[in-house]
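One line per chain: the protein sequences are A and B, in this order. For the first sequence, full-length UniProt numbering assigns the number 1 to the initial residue and increments by one for each residue that follows. For the second sequence, full-length UniProt numbering assigns the number 1 to the initial residue and increments by one for each residue that follows.
Careful, some of the hints might be misleading.
Only part of the chain A face toward chain B is listed, based on derived beta-carbon distances under 10 angstroms [claimed, not checked]: (1) 5; (2) 31; (3) 35; (4) 80; (5) 81; (6) 102; (7) 108.
Source of the hints: derived by calculation from the structure; they are not laboratory data. A virtual CB, placed ideally from N, CA and C, is assigned to each residue, including glycine.
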Amino acid sequence: MISGRCAACKSQRRKCPSDCIFSPYFPPNDPQRFACVHRIYGCSNVGKMLQQMPVQMRAQAVDTLYMEARWRIEDPVYGCVKLISQLHQNLNDTESELAKVKALIAFHKLQISQVNELHQPDLDASQSNVEQFQFNYSTQNHYPWFIN
Amino acid sequence: MSTNSTSTVTGGVGGAGGSCGGGGGSGGGGGGPCGACKFLRRKCAPGCIFAPYFDSEQGATHFAAVHKVFGASNVSKLLLNIPVHKRLDAVVTICFEAEARLRDPVYGCVANIFALQQQVVNLQAELSYLQGHLATLELPQPPPLPPPPLPLAVPTPTTLSIGNIPSGTPITSSLPGTYDLSSLFDPMVQTSWALPQRAMDLRQYGPSTGSPSVGGGGGDGSDLHVLARELLNRHGSSSSSTPMACSKASSSTSLSK
């Protein structure tokens, strides 16, 4: 069907063969998709890349190429790398927070174990005293020096 | 904003980043053709746009990747539309993307993005759980119930969906002013990409490798003290380090807006 040219062949102003490598991934109703990819990678480079991978992976590859091309067009200097940088920062922040919480948990468990050791002989009789101690201690927020 | 334009990004970067000389737009001078012209086997003109960023020694290797993925003319057009003081950063990111694409022809950089997103989600889930656990320790409550299985150990079959990736416009408004390219060259990060990439070949995410797995409970009291201090010293110093500084000074650039 002559009017069924894919977006790639339409852009290149050529006939779209029946075995066109681009046609499954660049439908004619979405010319922007091929335009982005063509602008950053070039038609021949995309074709070579698609030829070198299994057919079942090509759709995913075109999707990722399109996303990277879009990011690069929006930000010619950093492209998708700025998103990676942001994610690294998020990861570092979350790891820091996690470390602090783990340290606090370790501290609390230490305190509880020390209290239990202190009151071991009378644990059964004075369980209520231990709980009272823990309550008093926790409400005073006496954290060690290395806890902010 | 200033870029660290005097830094020299050498070829020994770990597979990412261009091999650049310091400033100067000269090409084909006493040092011979630049890496790009050497690869293309053409005469390096005095105003060669690639010369400042691809030296003749290892620049050719990096340019080979860039040429294979993007093409020399496309990269040239890209650089021409970028101010001169930002071209170094652009070359670094272009080299990074090109080499990521060669390593993983199907997903390229997007694999890294997905892996990082998954790590962040896993860590945030762990953080939420531990914060709840901390709350129970701080209050006079009966012993907590056995913890639910953490999501870290459960492989989540997730198909790679473009919808999961944030679209273009929100990125520009929510990013910090400085972009730390040094993290691109972090070997720890690069190794952590490998596992999720292979898992993504099977359309599945494996367990996160980025979360610290430090046992903090039980044991001798002195061990807990040492452990708590070690955790805070390790993570507190890493989080307070500025994005501009990079320990791998010979192989990375730091950017600022």
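Evaluated hints:
{"no.": "1", "hint": "5", "result": "violated, 23 angstroms"}
{"no.": "2", "hint": "31", "result": "violated, 18 angstroms"}
{"no.": "3", "hint": "35", "result": "violated, 13 angstroms"}
{"no.": "4", "hint": "80", "result": "holds, 5 angstroms"}
{"no.": "5", "hint": "81", "result": "holds, 4 angstroms"}
{"no.": "6", "hint": "102", "result": "holds, 5 angstroms"}
{"no.": "7", "hint": "108", "result": "holds, 4 angstroms"}
Going down the numbered hints, you'll see the structure goes against 1, 2 and 3, while the others check out.
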